[in-house]
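> Residues per chain, in single letters:
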Amino acid sequence: MPEIFIDNIRYEYEKPGKVLQFMLDNGMDLPFFCYHPSLSVPANCRQCIVKAGMPIFDKDKGTFETDEDGNRKIRFFPKLMTACSLDMADGMVIHSHVTDDLVKQAQADNLEFILINHPLDCPICDQAGECPLQILTYKYGPEGSRFEHKKVHKPKAIQLGPRVILDAERCINCTRCVRFTDEISKSRQLTIISRGDKNYPMTADGETFDDPYSLNTVDICPVGALTSADFRFKARVWEMNQTPGIDMTNGKGCNTYLWTRDNLVLRITPRFNEAVNDHWMPDYARLDYKKYNENRVSRPHLKLDDRDQVKTSWNNAELTFGEELDKVKGSDILVIGSAHASVEDNFAFRSFFEQKGAESFVFLPHVEPGFGDDLLISDDHAPNSNGVRALGFQEEDEKSLAKRIESTKPKIIAILEDDLLGRTGLPGQLFGESYTIIWASNHSETTRSANLVIPVTCAAEHAASYVNVDGRIQRTVPAKETLYTNRRLNLEMSMARLDHYGTKFDNWVSDDNRVDCIPAWEFFSRIPSSQQAERWKTSREIMEAISTRIPVFEGVSYDRMDDENGIQLEIKKITEANTV
Amino acid sequence: MVNDWKSYQPVLLPAIKDLHEISVYEKNGGYKALNTVLKDSDTWSPGRVTDEVKAANIRGRGGAGFNAGLKWSFMPEPDGKPRYLACNGDESEPGTFKDRKLFEFNPHLFIEGAIIAAYAMHVDAIYVYIRGEYRPFVKMLQRAIDQAYEKGYLGKNIKGSDFSVEMYTHMGAGAYICGEESSLMESLEGKRGYPRVKPPFPAQRGLWGRPTTINNIETLANVPLVINNGAEWYKSFGPDSHPGPVLYGISGHVNRPGVYEYPAGMSVMTLINEVAGGVRGGKKLKALIPGGSSTPPLRADMLEGVTMDSDSLREVGSMMGTAGMVVLDEDTDMVDVIWRISHFYHHESCGQCTPCREGTGWLEKTLLKIRDGNGEMRDLDLLLAICNRMEGRTICALADAAAWPVRYSIERFRDEFEQKCKKTVYAMA
Numbered sequence: 001m002p003e004i005f006i007d008n009i010r011y012e013y014e015k016p017g018k019v020l021q022f023m024l025d026n027g028m029d030l031p032f033f034c035y036h037p038s039l040s041v042p043a044n045c046r047q048c049i050v051k052a053g054m055p056i057f058d059k060d061k062g063t064f065e066t067d068e069d070g071n072r073k074i075r076f077f078p079k080l081m082t083a084c085s086l087d088m089a090d091g092m093v094i095h096s097h098v099t100d101d102l103v104k105q106a107q108a109d110n111l112e113f114i115l116i117n118h119p120l121d122c123p124i125c126d127q128a129g130e131c132p133l134q135i136l137t138y139k140y141g142p143e144g145s146r147f148e149h150k151k152v153h154k155p156k157a158i159q160l161g162p163r164v165i166l167d168a169e170r171c172i173n174c175t176r177c178v179r180f181t182d183e184i185s186k187s188r189q190l191t192i193i194s195r196g197d198k199n200y201p202m203t204a205d206g207e208t209f210d211d212p213y214s215l216n217t218v219d220i221c222p223v224g225a226l227t228s229a230d231f232r233f234k235a236r237v238w239e240m241n242q243t244p245g246i247d248m249t250n251g252k253g254c255n256t257y258l259w260t261r262d263n264l265v266l267r268i269t270p271r272f273n274e275a276v277n278d279h280w281m282p283d284y285a286r287l288d289y290k291k292y293n294e295n296r297v298s299r300p301h302l303k304l305d306d307r308d309q310v311k312t313s314w315n316n317a318e319l320t321f322g323e324e325l326d327k328v329k330g331s332d333i334l335v336i337g338s339a340h341a342s343v344e345d346n347f348a349f350r351s352f353f354e355q356k357g358a359e360s361f362v363f364l365p366h367v368e369p370g371f372g373d374d375l376l377i378s379d380d381h382a383p384n385s386n387g388v389r390a391l392g393f394q395e396e397d398e399k400s401l402a403k404r405i406e407s408t409k410p411k412i413i414a415i416l417e418d419d420l421l422g423r424t425g426l427p428g429q430l431f432g433e434s435y436t437i438i439w440a441s442n443h444s445e446t447t448r449s450a451n452l453v454i455p456v457t458c459a460a461e462h463a464a465s466y467v468n469v470d471g472r473i474q475r476t477v478p479a480k481e482t483l484y485t486n487r488r489l490n491l492e493m494s495m496a497r498l499d500h501y502g503t504k505f506d507n508w509v510s511d512d513n514r515v516d517c518i519p520a521w522e523f524f525s526r527i528p529s530s531q532q533a534e535r536w537k538t539s540r541e542i543m544e545a546i547s548t549r550i551p552v553f554e555g556v557s558y559d560r561m562d563d564e565n566g567i568q569l570e571i572k573k574i575t576e577a578n579t580v
Numbered sequence: 001m002v003n004d005w006k007s008y009q010p011v012l013l014p015a016i017k018d019l020h021e022i023s024v025y026e027k028n029g030g031y032k033a034l035n036t037v038l039k040d041s042d043t044w045s046p047g048r049v050t051d052e053v054k055a056a057n058i059r060g061r062g063g064a065g066f067n068a069g070l071k072w073s074f075m076p077e078p079d080g081k082p083r084y085l086a087c088n089g090d091e092s093e094p095g096t097f098k099d100r101k102l103f104e105f106n107p108h109l110f111i112e113g114a115i116i117a118a119y120a121m122h123v124d125a126i127y128v129y130i131r132g133e134y135r136p137f138v139k140m141l142q143r144a145i146d147q148a149y150e151k152g153y154l155g156k157n158i159k160g161s162d163f164s165v166e167m168y169t170h171m172g173a174g175a176y177i178c179g180e181e182s183s184l185m186e187s188l189e190g191k192r193g194y195p196r197v198k199p200p201f202p203a204q205r206g207l208w209g210r211p212t213t214i215n216n217i218e219t220l221a222n223v224p225l226v227i228n229n230g231a232e233w234y235k236s237f238g239p240d241s242h243p244g245p246v247l248y249g250i251s252g253h254v255n256r257p258g259v260y261e262y263p264a265g266m267s268v269m270t271l272i273n274e275v276a277g278g279v280r281g282g283k284k285l286k287a288l289i290p291g292g293s294s295t296p297p298l299r300a301d302m303l304e305g306v307t308m309d310s311d312s313l314r315e316v317g318s319m320m321g322t323a324g325m326v327v328l329d330e331d332t333d334m335v336d337v338i339w340r341i342s343h344f345y346h347h348e349s350c351g352q353c354t355p356c357r358e359g360t361g362w363l364e365k366t367l368l369k370i371r372d373g374n375g376e377m378r379d380l381d382l383l384l385a386i387c388n389r390m391e392g393r394t395i396c397a398l399a400d401a402a403a404w405p406v407r408y409s410i411e412r413f414r415d416e417f418e419q420k421c422k423k424t425v426y427a428m429a
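Chain order of the listed sequences is X and B. Letter by letter, the first sequence follows residues 1 to 580 of the numbering used here. Letter by letter, the second sequence follows residues 1 to 429 of the numbering used here.
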């Protein structure tokens, strides 16, 4: 196997590649700005420089030349090389800043250059706390700058497009944003204008940066030059918790991070998953965070005598639910599952009503043909269509659902987490003669028309799994507390500095942001034993049950999903389940 | 040293009236080399043409001085897909203005050379990248190309042979960096002029990802001469290591600035004092920038016995470059000159690589400070430090081109720099 010597340690490598990526893969640290593993290599920031050389081969003898100690003689390249663009070669010797003072000095020199025209306003800059330039300057930079002239001033706060704002002064010309629009989103809306230290990224005259993936450029900008119009100056990263999540707006199931502070989700950013979304996600999915904070159903709601809904106690809601169920036969219940809810909730939902003797289990997929693109947006607006199919819910469309309700006249319609009326255009009076119960996290037309509304946790508040359009099951972790959970007690929840060290009396903490809701599965576990409900303590337990009972989910567990960043299910089996 | 320069008869720019007309050019032996190559293709196989050019040791006239034939030989074997020749006529360096003379007075010599080069490298299309500011010369060149098409020297099955090649002109939009070969390719492809990382080299992956060779206009103009007269004849001009006729563009403080054709290896002092009529106003010579603004300046006392060829100039610490000689007299303020050169490189840095983007500006600002009388002694060390941090740390050579004049001026004219800096110290005291 070919070998490479980095800082006097021998490594073997299988596939040819670039030195920088190999070093990163092997846990070595090297500063860089322009390099991004998913973009082309321009080698323009010149920060990842190393000293590289090759052993001298004696063609006549057929051996490598050696010195007195028997070590191979190395001929170093005359110039320092950028590791990002340097191809590995058998026997290559690399000296990084760890072993070579010249390289160390060169890296500091380069940072001195980068900083001469970059405003040093870290306390104000929106990127502070997650700025590679800030971090790498502390690690590799010079102690000060000798630049004593006036800095180049470039335009500030330019609205490049509806979602991205540029502060040209901070740009260090890494061209990641330009390459992203050239190579990934392919909108080619950005270019560098002007020359030398006056240049910065810009759109063509009269054009706006409205690429549906524009906010990815904000993520990959290594300084605070590109900022999100939505998130700008809203919060500092060190105040926030960063929790892994899944995009709930699309069937692709982009992996995300939910950023929370004081129990509000303030932004969503992509999380790397090579099998799903690489480093990217669409803009509209990021702006979805608002629904985790706003318009939430808090406390159960009950319609009294066909009048307005009133808030009621959990005890009353559970009793009312039990009483209504007792009035009817299982065959009089229409159970509508949801592609917007998790596998666990749909499973608990189904198994509860199965035990009650219900026979009709349906769901309405949320597909808009032509909505998707070739990148990360699919036609499916729901995160879990495949999951619901796999659980045996029958797929219906608006017409067939309306026909079914009109013909069978169910006495109870149980709807899980789906704004059926709001999104389909079905008439409200369709449910008129039935007692409608909905488990919902947000208010909608459907919740407003329901007789009983049970508030349930949203994807930001529970641990649950979802199966994407490609049949990959991935899970979420709670990012927000509800009235009944506590960050310090829940081991799955991440904690920021303020969670660790803050007190109840800090003025950034407010209890108002905790919603009075529970996971849908938990509701069914709470129903008195006379109703013969299956009881669950955690969603993890439900997934264990699912994996043993439903063949498609065989071998699926939270631990495996965590370790493997989601599990690819046999998509064929899901289709079969659907046809049953 | 070339002794008989006075009897030298120009071959690149011979004194023939209306030589830019194809009929006149043909009457004076034009396109003979191309006809020879195409008619006698058994003798003049593409490989043989390349070998002859390699043997003649035509050193690239664009600045780097690489053996043109050797460069051609880097092209891979033909695979049936397109291959290109890009002709670099984007001369934008201060002090360099020779290609325009070829476009104006002898465009067919260059066109013929380019076609022969295309033949030798199995090229399908020739692009002439020409400086956008050269609008009249673009018209002249295009006229010549049209004439060559009419006469069947370009296009399909040239002169009844199997060889076909097309030729296009492409006007630059005005950026110095586009004269750098890889930026030139980016620009030709319709993109922003940014240098490309090497490897891959243009012969491996050039225009639109296909094998490409980039040659200077003057380099290609030498090719028909080599084919017509042989490598040995060509090498009889000037030194072996750097032979052939050279277009010397002499500017600055001389009585007769202009483009002069003489063999390589001419004495620098002969060129200044006799060819260009000596330093203006009878003043003393102070300095010479021998090959365009990026080449290290030389002090007058370093020029004794120096000739215009790469070896001799390297010995005294400079380069042949484009042979665009900038002559500076005793009244010249070197700080001012170097500041002006730095201003140019600061303005023209493409901004891709950090050391060049930031370094060129820093150099200019610091030189301006010294020029304006606000310099301090430590600024000189700072300038040298900035040069150190720029040289060899970027994708292309623009950073080196910007750093060398500063570094060597401070080394060679340190008194002058120090004087400016000291003045401030006294004034402040």
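Hints are computed from structural coordinates only; laboratory data are not their basis. Take the hints with a grain of salt, since some may be wrong.
SDA-like mimics (lysine to any residue), calculated; alpha carbons at most 20 Å apart, straight line [said to hold, decoys possible]:
| # | chain 1 | residue 1 | chain 2 | residue 2 |
| --- | --- | --- | --- | --- |
| 1 | X | 18 | B | 201 |
| 2 | X | 104 | B | 391 |
| 3 | B | 369 | X | 148 |
| 4 | X | 411 | X | 359 |
| 5 | B | 365 | X | 18 |
| 6 | X | 329 | X | 359 |
| 7 | B | 191 | X | 40 |
| 8 | X | 291 | X | 149 |
| 9 | X | 198 | X | 147 |
| 10 | X | 15 | B | 199 |
| 11 | X | 198 | B | 174 |
| 12 | B | 198 | X | 76 |
| 13 | X | 104 | B | 392 |
| 14 | X | 290 | X | 257 |
| 15 | B | 27 | B | 228 |
| 16 | X | 79 | B | 385 |
| 17 | X | 537 | X | 492 |
| 18 | B | 365 | X | 40 |
| 19 | X | 18 | X | 98 |
| 20 | X | 18 | B | 199 |
| 21 | X | 18 | B | 198 |
| 22 | X | 399 | X | 421 |
> To test your reading of the hints: which numbers does this structure violate?
Going through the list in order, the structure violates hints 5, 8, 18 and respects the others.
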